[in-house]
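Chains as they are written, first to last, in our numbering: chain A, 525 to 825; chain B, 525 to 825; chain C, 525 to 825; chain D, 525 to 825.
Think of the hints as simulated: they come from the structure by calculation, not from any bench.
Treat each hint with caution, since some may be false.
Residues from chain D that face chain C, not an exhaustive set, calculated with beta carbons under 7 Å [as the list claims (entries may be wrong)]:
no., residue
1, Gly648
2, Glu709
3, Ser729
4, Thr732
5, Gly733
6, Trp739
7, Asp742
8, Asn777
9, Ile784
Note that beta-carbon positions come from the ideal geometry of N, C-alpha and C, so glycine has one too.
There are 4 protein chains.
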Amino acid sequence: MHLGLVGLGKMGGNMRTRLRNAGHTVTGFDFNPELADVDSLAAMVEALGADGSPKVVWVMVPAGDATRSTIAQLKDLLGEGDLVVDGGNSKYTDDAINAASLAEKGIGFVDCGVSGGVWGLQNGYALMYGGAGCDVAKVMPAFEALKPADTPDGLVHCGEKPGAGHFAKMVHNGIEYAMMQAYAEGWELLDKVDIVDNVPEIFASWRTGTVVRSWLLDLLVDQLRADEHLDGVRGYAEDSGEGRWTVEAAIENAVPMPAISASLFARFVSRQEDDHAMKAIAAMRAGFGGHAIQSMPPAGA
Amino acid sequence: MHLGLVGLGKMGGNMRTRLRNAGHTVTGFDFNPELADVDSLAAMVEALGADGSPKVVWVMVPAGDATRSTIAQLKDLLGEGDLVVDGGNSKYTDDAINAASLAEKGIGFVDCGVSGGVWGLQNGYALMYGGAGCDVAKVMPAFEALKPADTPDGLVHCGEKPGAGHFAKMVHNGIEYAMMQAYAEGWELLDKVDIVDNVPEIFASWRTGTVVRSWLLDLLVDQLRADEHLDGVRGYAEDSGEGRWTVEAAIENAVPMPAISASLFARFVSRQEDDHAMKAIAAMRAGFGGHAIQSMPPAGA
Amino acid sequence: MHLGLVGLGKMGGNMRTRLRNAGHTVTGFDFNPELADVDSLAAMVEALGADGSPKVVWVMVPAGDATRSTIAQLKDLLGEGDLVVDGGNSKYTDDAINAASLAEKGIGFVDCGVSGGVWGLQNGYALMYGGAGCDVAKVMPAFEALKPADTPDGLVHCGEKPGAGHFAKMVHNGIEYAMMQAYAEGWELLDKVDIVDNVPEIFASWRTGTVVRSWLLDLLVDQLRADEHLDGVRGYAEDSGEGRWTVEAAIENAVPMPAISASLFARFVSRQEDDHAMKAIAAMRAGFGGHAIQSMPPAGA
Amino acid sequence: MHLGLVGLGKMGGNMRTRLRNAGHTVTGFDFNPELADVDSLAAMVEALGADGSPKVVWVMVPAGDATRSTIAQLKDLLGEGDLVVDGGNSKYTDDAINAASLAEKGIGFVDCGVSGGVWGLQNGYALMYGGAGCDVAKVMPAFEALKPADTPDGLVHCGEKPGAGHFAKMVHNGIEYAMMQAYAEGWELLDKVDIVDNVPEIFASWRTGTVVRSWLLDLLVDQLRADEHLDGVRGYAEDSGEGRWTVEAAIENAVPMPAISASLFARFVSRQEDDHAMKAIAAMRAGFGGHAIQSMPPAGA
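Just chain A, same shape as in the assembly:
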């Protein structure tokens, strides 16, 4: 099929390559002219639909304003029966808004969570999508090319409602947070005690035959073998929106989520120069027990 693709960064660029490798035609647009195939969204849309088929545009830009603005422009450029696919990391609640807006002109909408990172080009991307079956059908050839080969896995229709795909991808990421935290907590303990040696090889041994074997474990083994105590890595982790939204959705639905929320909060703490809440605890301790407060050095000291 012929696909328009907006956003040719690390993810979008690799996806274009994988689609082309599968024989599809991709016309890509990006604000960076070195990456783009055409010099405007309009030119990209112009190139589509030459054979009379619906125009299908895949949006792969940052969630929030960039996605909203791109979809608003596409609404002007596309028409009845065309399709927009949001493959970015949009919040699931945005999808209903975008779908309704596009529907005013008869343009279809499919939301699609994409997992795979830098490995996706080679191994395929896992795709979780939501939307009406007739819309999904229009982009299915691209889905088939992007997904991992030789498996029914990696492709799932999560529901008819807009946002179903992004919701599933969001929860995937929430689960990922707690899995990573699980390995990290276990590693810290093993790395700190005297009783065990050879911690990287302990993790390596777990890759076969154990209950904790996983792809994340494989990745961690590679890193530990290169830097046994991770001395060269700063203990600092960003969080993307999905982890936060997962916990918010859990709260909204009265779903207990102690491990995933703990994983999110651990990331928050890792980014604090000085532990903010602990200032209050130190202050109270000083108040009741004569525990000495550790003063902050004056700035510049």
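Here the structure of chain A is known, so what remains is to put chains B, C and D in place on it, guided by the hints.
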């Protein structure tokens, strides 16, 4: 090699089979005469060492009293240069005590954590062991037979100190708790919201190409496909000692362990008929706000 | 002063009494005619401002739709220079919307979090309010009557921005959740171990001289003395919006909130007939280890 | 009564003063001769029992080795019918050992948790004690002098078993951890958002009429008024043994303790220069997503 094996339950029985399939000789003892090859520990020890090699006895009985008592009897039956392997789920602190006791008679000791469950017979067991290299060498042929074939994984010498193997296995189980909790929290959210359908297939799709792919995920998919909302499964989980010991070891070493401890506490709660702590909260709420207490029905009602 | 008061339930009714006891005039409206002084909002507004002073209406109805609808009606009935006070448990993000809407007609808005429960009539209410100083001044006589006597405490201007008061009250409730959870966890442990007797008197002894003394402790002691093991109390707690919003605001601001979130999740779990997430864990355990699943009894059994 | 007192540090010294103020005779020993009344334990014991009454020695030294060693020496110096009181922060499991050892010579033992910190001299100490009634009676006059005046609170017999008092004090401290964490989390959120001003006065206002009023709140208000954002306080908190033991006891008794454990782990994290577990998460993220690792600067840079 010729190995004595004490404890022929689900795990021990399968291990005997796998060892025999690999060409080793196993003399097994169990209190259940239908499972045992000989009718006493003494008879088992008697059968070993016919070719002048050290006698090696693998103990595969419940942690705690049963293991302690078995090792005490073996201390009487074995001699200088022989070896006891504790392959059960002993607490790592027990190992130094057992090793020191056996050393009084010159008997060696190796502790070995074993992972693999009912799948081990076919796929091999992951083995994490601790002890002196010369002792490990005496049981290595059995290790080689038990471990998964065709991989360097599944076998690791965790340290010279007694308990190194059980410590590593303990942390493995702690990690396992939080990984399971991660999937469970994500599943509960997906299962409760209206926006997604088809939750079992969402999990199935994750098995290829995603960050959360793992063996535990594979197992969960099988269960969800058989019972979409797990209506037939009671939300109740036991915990073995390893999860508790992992958190205790973390506390002793000032290692933060929020996700693993949350997973452990979630299991505790799942086993309470009525939520005990929440009684106190309900009582306080009644005290300050006139919130109605939900009374317990009288017994028998 | 003369105040209009909408909502004469447990809280509003007691506040009317405390205001009248202080010499103020209150015209109250409620949908329940047995509680109301007048038979419509319009009649209530009509009664105000006889002396030419601004009309001040205090809204004390459930957060969300009821508050929104009441304020919309008051917008029609009031005019330039009048004031609406939202004393309910509104979410702080609602306040900016209500304030902006009322401002279109020159009507002022103050949001006010109220703490005190059934004890407020006698001891006074703690009031946390937000809004412009000129608006606050119009309702200050009522604030002075409602707050606890003989103390500067119990009354605080949290900021000029609409929502400042409700935000502070929301965080107050979040803190309350974790304080209650703290006592509840400690109580469960003491109640379960054999080593201590006389748990209610242990809690009673803490009321003087200890670090954990508080009003919540006082309340808990009364309940424990009446029912030592709280056998008559079901371990079940509702949560109001404030606890959820506190955690959501924390997530939005990257503030780690492990204890307050744990307290919220504990309430969620207490309301589940069967522990939902634990079904998935039980299912995985059955998959890897031959751990028996506890089946749910068939419905009606 | 005449009491021997071992350990005259901040706590012990103040207790001696309060006992003497109440008219009791105290002979104190400390390794610091400037604090001591006598120059040896033996001299202290020698001074006791002149009127034929049992010799009562209160031990107020650091938990663990110092307490064990002191009690071992007292066992030699005391005799049938005498009494040792352990008023330190001993782990409850130590008490049964010490009691059994002293019982070999007919010496009684009472364990006593003491709360009150630097405020105890003036306001009295809260005492939680365990032991046989006949032993408790021998030290009761001292208990009456140490406890807060004019209240039945502050004094409780927690059980006959040795360790009952220390167990109750331990749980008291566990509760204290989570209460402090509750205020700290709420404060961090209020301190970070733009919507509220005047955070110290918000906390001050809560001291009367609210559900969260407590002595800890009073202390925090004093600190916040002196340093609004606690800029001069480092976000760092030690933990004493009691918090750890509380969580360990909870685990041993299958008591869920999410908030207290979260509070303990938060302290652990606050003491880490670089967040250790987060190194592993950063490493995994680098592995799957091309997320840049923040490298540690080379030492000395």
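Interface hint outcome for isoleucine 784 of chain D [beta carbon to chain C under 7 Å]: holds, 5 Å
Should the hint that glutamate 709 of chain D touches chain C count as held when the rule is a Cβ pair under 7 Å? holds, 5 Å
Using the nearest Cβ pair, does tryptophan 739 of chain D come within less than 7 Å of chain C? holds, 5 Å
Hint check: 7 Å Cβ-Cβ cutoff, threonine 732 of chain D to chain C: For threonine 732 of chain D, the interface hint holds, since the closest Cβ of chain C sits about 4 Å away, which is under 7 Å.
Interface restraint verdict for asparagine 777 of chain D against chain C (beta-carbon cut-off 7 Å): holds, 5 Å
Should the hint that serine 729 of chain D touches chain C count as held when the rule is a Cβ pair under 7 Å? Hint on serine 729 of chain D: holds, closest Cβ of chain C at ~4 Å, below 7 Å.
Using 7 Å as the Cβ threshold, decide whether glycine 733 of chain D counts as touching chain C. holds, 4 Å
Does glycine 648 of chain D pass the interface hint, meaning its C-beta sits closer than 7 Å to a C-beta of chain C? For glycine 648 of chain D, the interface hint holds, since the closest Cβ of chain C sits about 5 Å away, which is under 7 Å.
Under 7 Å, Cβ to Cβ, is where aspartate 742 of chain D needs to be relative to chain C, so tell me if that hint holds or is violated. violated, 10 Å
Consistency with the previously given hints fails for number 7 only.
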